[in-house]
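Participant: The residues making up each chain are set out below.
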Amino acid sequence: LGEIKRFMRDDGMIKVSRSLKELGQKAKALKETLAKKNEREPTIQELADEMGIEVEELVMALEANSDVESLQSVIYE
Amino acid sequence: MQYQNSMKVSFVSKSQNEAFARVAVAAFVSQLDPTLEEISDIKTAVSEAVTNAVIHGYENQEGIITVSCDISDNVVEITVVDEGVGIEDIEQAREPLYTSKPELERSGMGFTMMETFMDEVEVESEKDKGTIVRMRKKLRSLE
Amino acid sequence: MQYQNSMKVSFVSKSQNEAFARVAVAAFVSQLDPTLEEISDIKTAVSEAVTNAVIHGYENQEGIITVSCDISDNVVEITVVDEGVGIEDIEQAREPLYTSKPELERSGMGFTMMETFMDEVEVESEKDKGTIVRMRKKLRSLE
Ligand SMILES: Nc1ncnc2c1ncn2[C@@H]1O[C@H](COP(=O)(O)OP(=O)(O)O)[C@@H](O)[C@H]1O
Ligand SMILES: Nc1ncnc2c1ncn2[C@@H]1O[C@H](COP(=O)(O)OP(=O)(O)O)[C@@H](O)[C@H]1O
Ligand SMILES: [Mg+2]
Ligand SMILES: [Mg+2]
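So the protein lines, in turn, are chains A, B and C.
When we follow this note's numbering, the leftmost residue of the first sequence carries the number 1, and every step to the right adds one.
When we follow this note's numbering, the leftmost residue of the second sequence carries the number 1, and every step to the right adds one.
When we follow this note's numbering, the leftmost residue of the third sequence carries the number 1, and every step to the right adds one.
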């Protein structure tokens, strides 16, 4: 099972905050593109599909742009 | 009524749990495949209600805040409950720009935001018992 | 003990709430800014425990599942509770590859996954009363 665990991901020590922030930025840009293309707001599923991620991950990414970091400063100040 | 689902989340009234409450509600509501705008409206309303529970309800002391979310077809009902100081004059509290804590640079626009971003907002409160804010929104992206 | 926080989320045992439970826990634990690997480990363990509550505990009938998450410094404790059928022989249930529902193509590896991805897993259960799975993980990235 250690094997499975290693196989299942190669993301090593990447912090959640960084990853979500990157996804969040990508989501913002894609949202604009989709809105223009379809002439309406994309739904969360459409955007997640376009990004190739799960809706749940997108929900966290949408929150992340600054919040995770500011939380960090709250906790460790 | 075709589709129903519900959840309830409780947490300590720490300001960092506002973000958590927003994500929890957004994640739950996402099962209805709303637009990003609808999610953002709901998150704003949840934030305002939870912030009020933290700052006014519990006056930054520790207390438990409970947020429930009930989905019936395409209507989302969100209830934010605290057992804090309560509101004496609800009508006054809901007036735009009214704040009991001007010294904290509060804008007094919390309830107005909730009303703007949701379809309905009901407030029940009793002094020293606590406050219940119930908000409803129909997700039109599903129509 | 420097930092403490806790939350509790309850929801109906619908399979679509598994994803919700995972995000709720992930969002809460994210306030510690763990690594992606740590979050993914935790999400996997939560999934397995919640799936068990849905499929085995409530045998796909409606029931309430409660997931709590307690943070103490860099230790995360997650508790998944159902009030379903319970487990008669916990030792047997925890054995790798054991499943009481081979007809559903279950792998029997749920408990083994929880043990692999978390540091500690405790199971309490009583027939017809329900099951409590308590899991702990130290976030080493924070040391
Ligand atoms: N949960 C609550 N508990 C007690 N008082 C509250 C609560 N929510 C709102 N209030 C009262 O209502 C007033 C108006 O709230 P709001 O419109 O959000 O403005 P603000 O938070 O900027 O003061 C607050 O100043 C406070 O007196
Ligand atoms: N919450 C629960 N309620 C009742 N029985 C359970 C619960 N969780 C696990 N079990 C029992 O333990 C067994 C092993 O669980 P697990 O390792 O997850 O394998 P699987 O889910 O693939 O059967 C299950 O087959 C079931 O009999
Ligand atoms: Mg306010
Ligand atoms: Mg299982």
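Calculated directly from the structure, the hints in this document are not laboratory data.
As the structure is a prediction and not an experimental result, all values here were calculated from the model.
The beta-carbon is built from N, C-alpha and C at its ideal position, and this holds for glycine as well.
Fair warning: there could be bad hints in the mix.
[As the list claims (entries may be wrong)] Restricting the straight-line Cα-Cα distance to at most 27 Å, the calculated cross-link-like pairs of lysine-lysine (BS3-like) are:
1. C/K127 to A/K15
2. A/K21 to C/K14
3. C/K43 to A/K15
4. C/K127 to C/K14
[Said to hold, decoys possible] With beta-carbon atoms standing in for the labels, derived distance ranges:
5. C/S107 to B/S72: 46 to 56 Å
6. B/T44 to A/G52: 24 to 34 Å
7. C/I90 to B/R140: 47 to 57 Å
8. B/E120 to A/G52: 32 to 42 Å
9. B/R136 to C/Y3: 30 to 40 Å
10. C/D73 to B/P96: 36 to 46 Å
11. A/E22 to B/E126: 41 to 51 Å
12. B/T116 to C/E95: 31 to 41 Å
13. C/D128 to B/Q92: 48 to 58 Å
14. A/E54 to B/S15: 39 to 49 Å
15. C/P102 to B/E124: 45 to 55 Å
16. C/E143 to A/E22: 39 to 49 Å
Participant: Note whether the CB distance of A/E54 and B/S15 lies within 39 to 49 Å or breaks it.
Facilitator: violated (28 Å)
Participant: Can you tell me whether the CB distance of B/T116 to C/E95 sits inside 31 to 41 Å?
Facilitator: Given about 56 Å between the Cβ atoms, the range is violated.
Participant: Could you tell me whether the CB distance from C/P102 to B/E124 stays inside 45 to 55 Å?
Facilitator: holds (51 Å)
Participant: May I ask you to test the hint 32 to 42 Å on the CB atoms belonging to B/E120 and A/G52?
Facilitator: About 37 Å separates the Cβ atoms of B/E120 and A/G52, which means 32 to 42 Å holds.
Participant: Go ahead and decide if the range 30 to 40 Å is satisfied by the Cβ distance of B/R136 to C/Y3.
Facilitator: holds (36 Å)
Participant: For the pair C/S107 and B/S72, does the Cβ-Cβ distance stay inside 46 to 56 Å?
Facilitator: violated (36 Å)
Participant: Given the hint of 48 to 58 Å, check if C/D128 and B/Q92 actually sit that far apart at their C-beta atoms.
Facilitator: This hint holds: roughly 52 Å between Cβ atoms.
Participant: Do the alpha carbons of C/K127 and A/K15 lie within 27 Å of each other, as the hint requires?
Facilitator: Violated, at about 41 Å.
Participant: Between A/K21 and C/K14, is the straight-line Cα distance small enough, at 27 Å or below?
Facilitator: Outside the cut-off at roughly 31 Å; violated.
Participant: Given the range 47 to 57 Å, decide if the beta-carbon distance of C/I90 to B/R140 lies inside it.
Facilitator: holds (49 Å)
Participant: Under the criterion that the straight-line Cα-Cα distance not exceed 27 Å, is the pair C/K127, C/K14 satisfied?
Facilitator: Holds: C/K127 and C/K14 sit about 22 Å apart, inside 27 Å.
Participant: Verify the CB-CB distance for B/T44 and A/G52 against the hinted window 24 to 34 Å.
Facilitator: holds (28 Å)
Hints 1, 2, 5, 12, 14, 16, counting from the list given before, are not met by this structure.
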